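On the provided structure of chain C, position chain U as indicated by the hints.
Number of protein chains: 2
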Amino acid sequence: MQKETFQRRLSDLRRRMGDSGIDVALLWEPDNQYYLSGFRAISYSRPIVYIIYMDKTQYIIPELEKDHAKKEAHTDELFVYHEKIQERDKDTDYIQPLNRIIDDMDANTVVGLEMNIAPAFIYQHLSQKGYELKDIGQALIDLRAVKDQDEIYWIEQASYLSDLALEASFKNLHVGMSELEFDAHGDQALLAKASELYPHIEIGFENWTCSGIERSSMPHLYSSTRRFVENDVVVHSRQIWVNNYRVENERTFLIGNPTEEQKKCLKLAIDAQRAGIEAVKPGVQARDVDIASFQVFEEAGYADYVQHRIGHGLGLTEHEEPYLRFDNDLVLEEGMVYTIEPGIYIPGVGGFRHSDTVIVTENGSRTITEYPRELQDMMF
Amino acid sequence: MQKETFQRRLSDLRRRMGDSGIDVALLWEPDNQYYLSGFRAISYSRPIVYIIYMDKTQYIIPELEKDHAKKEAHTDELFVYHEKIQERDKDTDYIQPLNRIIDDMDANTVVGLEMNIAPAFIYQHLSQKGYELKDIGQALIDLRAVKDQDEIYWIEQASYLSDLALEASFKNLHVGMSELEFDAHGDQALLAKASELYPHIEIGFENWTCSGIERSSMPHLYSSTRRFVENDVVVHSRQIWVNNYRVENERTFLIGNPTEEQKKCLKLAIDAQRAGIEAVKPGVQARDVDIASFQVFEEAGYADYVQHRIGHGLGLTEHEEPYLRFDNDLVLEEGMVYTIEPGIYIPGVGGFRHSDTVIVTENGSRTITEYPRELQDMMF
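Protein chains in written order, with my numbering: chain C, 1 to 380; chain U, 1 to 380.
Note that these hints are calculated values from the structure, not bench results. Quick caveat, the model's predicted, so the values are computed rather than measured. Among these hints, one or two may not hold up.
Pairs count within a copy or across copies, as identical chains cannot be separated in the list.
In silico BS3-like pairs for lysine-lysine, Cα to Cα no more than 27 Å straight-line [to be verified]: (1) Lys-90 with Lys-264; (2) Lys-264 with Lys-66; (3) Lys-66 with Lys-267; (4) Lys-267 with Lys-171; (5) Lys-263 with Lys-66; (6) Lys-3 with Lys-267; (7) Lys-56 with Lys-70; (8) Lys-70 with Lys-129; (9) Lys-66 with Lys-90; (10) Lys-193 with Lys-171; (11) Lys-71 with Lys-129; (12) Lys-129 with Lys-281.
Bound-form chain C, shown alone (with noise of 0.2 Å):
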């Protein structure tokens, strides 16, 4: 991306912090510090701050980043700390340069950090120090929502990618292998596509692929060595990032000779994210959206077994706010990302959920995800 996106997005954010009264903002989520700097390390165990003033930023950074950052940071500053013998001297903990930092500001400071994600001792350290503390995570969440071009560029291209694992999966699924393979397959036709098309372009994959009546009424569990049997319902689900950016890609499809009562149920998830896709445009409210999806599944009976929203926003971060809920009252906006992905989940029948990911366009909606997704599709 240009030096021109991070200028605007940095305008953005000192905008709001101006607004809220915040002078300085410690950021520790590693998208926020990606999104306003185009820096995103592996960082683990190694803590990485970004410092946003209103005239200048700094990053703190362990050594074994700094050609990295060099690399990509845009940023004014650089400290770096050290964990070589040589260098015991110099800083070899994060809390020094962040100390001095903080102890160089004005008593009257008042400084922002994300509520929900820095951890729990800066909180302690700053306001032991007198300092004023206030959120600065939503002005991030709400700056992030709406996407710009250059992300909806990569938005695309993983979507693209996605497609292209779900084929190759439902292309080699059978009986008898497991749901890591079923996954692998996809992951595998991915990498070899995205290598032909980005060069030197990052590019990684989740998957949550819950096989048979127990496993798939559960929405949310990893992929295990579970074979395939006859009969089985599978939710698939995938998670592709092409250069950081997120799309999501989900299918049920079932096995065999499923029950009739199964096949209603994933046509009733069918229908449902189809009311809830309809839905989608600038001006609606995010509640309007899940309580679309929603009457499909109340007027067929089905209400007792909705568990979850309908939808998450996507971009950098697995699920970004804002959130497609019932009592969410966020105004739509073109250039939002959203998951659209009802589910219902029946003790003894299954779990049923499709997910794809739509943009908010200046009239409606797109969805980018473009795997087939009507029963006849998901029978095999």
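Okay, now just chain U, sitting in the frame of chain C:
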């Protein structure tokens, strides 16, 4: 795992809570929750809190995890929050049951939080209510550092699969394939074998393959679509988890005609790793292991190219404390599990690092990742 395992772990934690004067622990970290209760959900946007009193435990979970938690969580009480419209009069957010739990506490209750992990807002909330807060995170790090037999069993299964994955990736290695394609061969082989050996087990993997002089010189990057070319230096890193327990297995390899310096550097990394592994035994300090490897680089004049510690703990989390660092005086104990992965990163030459997983035994250590690692094995 057996019920007794979780009872023993809970007793250990409660003893530590008692020693620190903590009355109740509120745990956010999914691996800590799993360690103490056997329940691990895909959580993302739906928070899960595990609450440990001296005489009971409670879980706050989203409705879509209810059946999953009932099946797997060792706990006395479940509080479920909802996100569908017909439950609007019940709890629809995890904050509601959490607030009731907090309000029921005696005014002088001392609350334990994972200070490096729990979100800032809960610190804010509890401290505004006047509760005294203490860290419980370190107690969990200490508890988890020494693995029991069940844990070591699963780590060994993961090791076996990781060796098999490396074998498949190397068997398919050729110039022109991308980093991600190289990874995918290993993925597919390990999933096929795992499906054969371990029915109904959750398995996952992550790879970080950095090829070419520039990318391999950065110790930590996600795999990309970059294709291997003649004379590449490649650092291929793989983690696998079986039943949530992880292993790490990394190899640096040379394609084509490496320079004498590249061969020398890889040989040095191998020697430094051997020195580190030989230093591991009960009673030595973490620092001794780090320094044993470092001295090999230093004596050869390559100390300036070291960027990171020699290794990290391994178990449920990618990188677990305690770390093998020059400034850690922790004494190693039987049953601890570490990666040994000294590396050097030289601009214009490449990055050189193997990583193997070792278990501290009664008299020394056992290296459980066994893929060949000598220089002659790493030239293609």
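Intra- versus inter-subunit Cα pairing at 27 Å for Lys-71 with Lys-129: neither (35 Å within a copy, 46 Å between copies)
Intra- versus inter-subunit Cα pairing at 27 Å for Lys-267 with Lys-171: within (22 Å within a copy, 45 Å between copies)
Intra/inter-copy verdict for Lys-66 and Lys-267 if alpha-carbon distance must be at most 27 Å: between (53 Å within a copy, 25 Å between copies)
Within, between, both or neither, where Lys-66 and Lys-90 count as close if Cα-Cα is 27 Å or less: within (15 Å within a copy, 49 Å between copies)
Homomeric proximity label, Lys-90 with Lys-264: Cα distance no greater than 27 Å: Classified as neither; 66 Å inside a copy, 30 Å across copies.
Intra- versus inter-copy proximity for Lys-70 and Lys-56 (alpha-carbon distance at most 27 Å): within (16 Å within a copy, 50 Å between copies)
Same-copy or cross-copy closeness of Lys-70 to Lys-129 [CA-CA at most 27 Å]: So Lys-70 and Lys-129 fail the 27 Å test inside a copy (32 Å) and across (44 Å) alike.
Lys-264 and Lys-66: within-copy, between-copy, both or neither at 27 Å Cα: between (56 Å within a copy, 25 Å between copies)
Intra- versus inter-subunit Cα pairing at 27 Å for Lys-3 with Lys-267: neither (47 Å within a copy, 41 Å between copies)
Alpha-carbon proximity between Lys-193 and Lys-171, which holds within one copy, between copies, both or neither at 27 Å: Answer is both; intra-copy 16 Å and inter-copy 21 Å each pass.
Alpha-carbon proximity context of Lys-263 and Lys-66, limit 27 Å: For Lys-263 and Lys-66, the Cα distance is within 27 Å only across copies (25 Å; inside one copy 55 Å).
27 Å Cα threshold - placement of Lys-281 relative to Lys-129: neither (47 Å within a copy, 43 Å between copies)
Consistency with the previously given hints fails for numbers 1, 6, 8, 11, 12, ordered from lowest to highest.
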